[in-house]
Amino acid sequence: MRVQQLQGLLTAINERCFSKCITKPGTSLSGSEQTCLSRCMDRYMDTFNIVSRTYVARVQKERVERAT
Numbered sequence: 001m002r003v004q005q006l007q008g009l010l011t012a013i014n015e016r017c018f019s020k021c022i023t024k025p026g027t028s029l030s031g032s033e034q035t036c037l038s039r040c041m042d043r044y045m046d047t048f049n050i051v052s053r054t055y056v057a058r059v060q061k062e063r064v065e066r067a068t
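The sequence shown: position 54 = 54 (UniProt numbering), numbered continuously.
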């Protein structure tokens, strides 16, 4: 399950960040394209981590509530 989530995340990053940052594909990335890709990827990873932590906390809370 975790591998599938990671693959989905990487696919989303590739599709969205590439579309957003690479407007004129060429043989190499410009400095601004590299910066854009780096920032875009960082945002996706930060968001993924926040959502994952929130989800895990919610599942743990529900387990505790069911046990009592």
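Hint data in this document are derived by calculation from the structure and do not stem from the laboratory. From a predicted model like this one, the values you see are computed outputs, not experimental measurements. Some hints could be false.
Just the calculated beta-carbon pair ranges, DEER-fashion [claimed, not checked]: (1) Gln7 - Gln34: 45 to 55 Å; (2) Arg66 - Gly31: 30 to 40 Å; (3) Val64 - Gly26: 47 to 57 Å; (4) Val3 - Ile50: 37 to 47 Å; (5) Arg2 - Arg63: 35 to 45 Å; (6) Ala67 - Ser28: 25 to 35 Å; (7) Glu62 - Gln5: 36 to 46 Å; (8) Thr68 - Met41: 37 to 47 Å; (9) Gln7 - Arg66: 41 to 51 Å; (10) Leu9 - Ser32: 37 to 47 Å; (11) Arg58 - Leu9: 32 to 42 Å; (12) Arg66 - Thr23: 28 to 38 Å; (13) Gln60 - Ile22: 17 to 27 Å; (14) Arg2 - Arg39: 50 to 60 Å.
Even for Gly, the Cβ is constructed at its ideal location relative to N, Cα and C.
Structure-based check of each hint:
1. Gln7 - Gln34: 45 to 55 Å: The hint (45 to 55 Å, Cβ to Cβ) is violated, given that Gln7 and Gln34 are roughly 24 Å apart.
2. Arg66 - Gly31: 30 to 40 Å: violated, 53 Å
3. Val64 - Gly26: 47 to 57 Å: Given a distance of about 54 Å, which is inside 47 to 57 Å, the answer is holds.
4. Val3 - Ile50: 37 to 47 Å: Violated, since Val3 and Ile50 (Cβ atoms, about 20 Å apart) do not stay within the stated range.
5. Arg2 - Arg63: 35 to 45 Å: Violated, since Arg2 and Arg63 (Cβ atoms, about 19 Å apart) do not stay within the stated range.
6. Ala67 - Ser28: 25 to 35 Å: violated, 56 Å
7. Glu62 - Gln5: 36 to 46 Å: violated, 19 Å
8. Thr68 - Met41: 37 to 47 Å: holds, 41 Å
9. Gln7 - Arg66: 41 to 51 Å: violated, 31 Å
10. Leu9 - Ser32: 37 to 47 Å: The hinted range 37 to 47 Å is violated for Leu9 and Ser32, with Cβ atoms some 24 Å apart.
11. Arg58 - Leu9: 32 to 42 Å: violated, 19 Å
12. Arg66 - Thr23: 28 to 38 Å: violated, 51 Å
13. Gln60 - Ile22: 17 to 27 Å: Violated: the Cβ-Cβ distance is about 40 Å, outside 17 to 27 Å.
14. Arg2 - Arg39: 50 to 60 Å: violated, 26 Å
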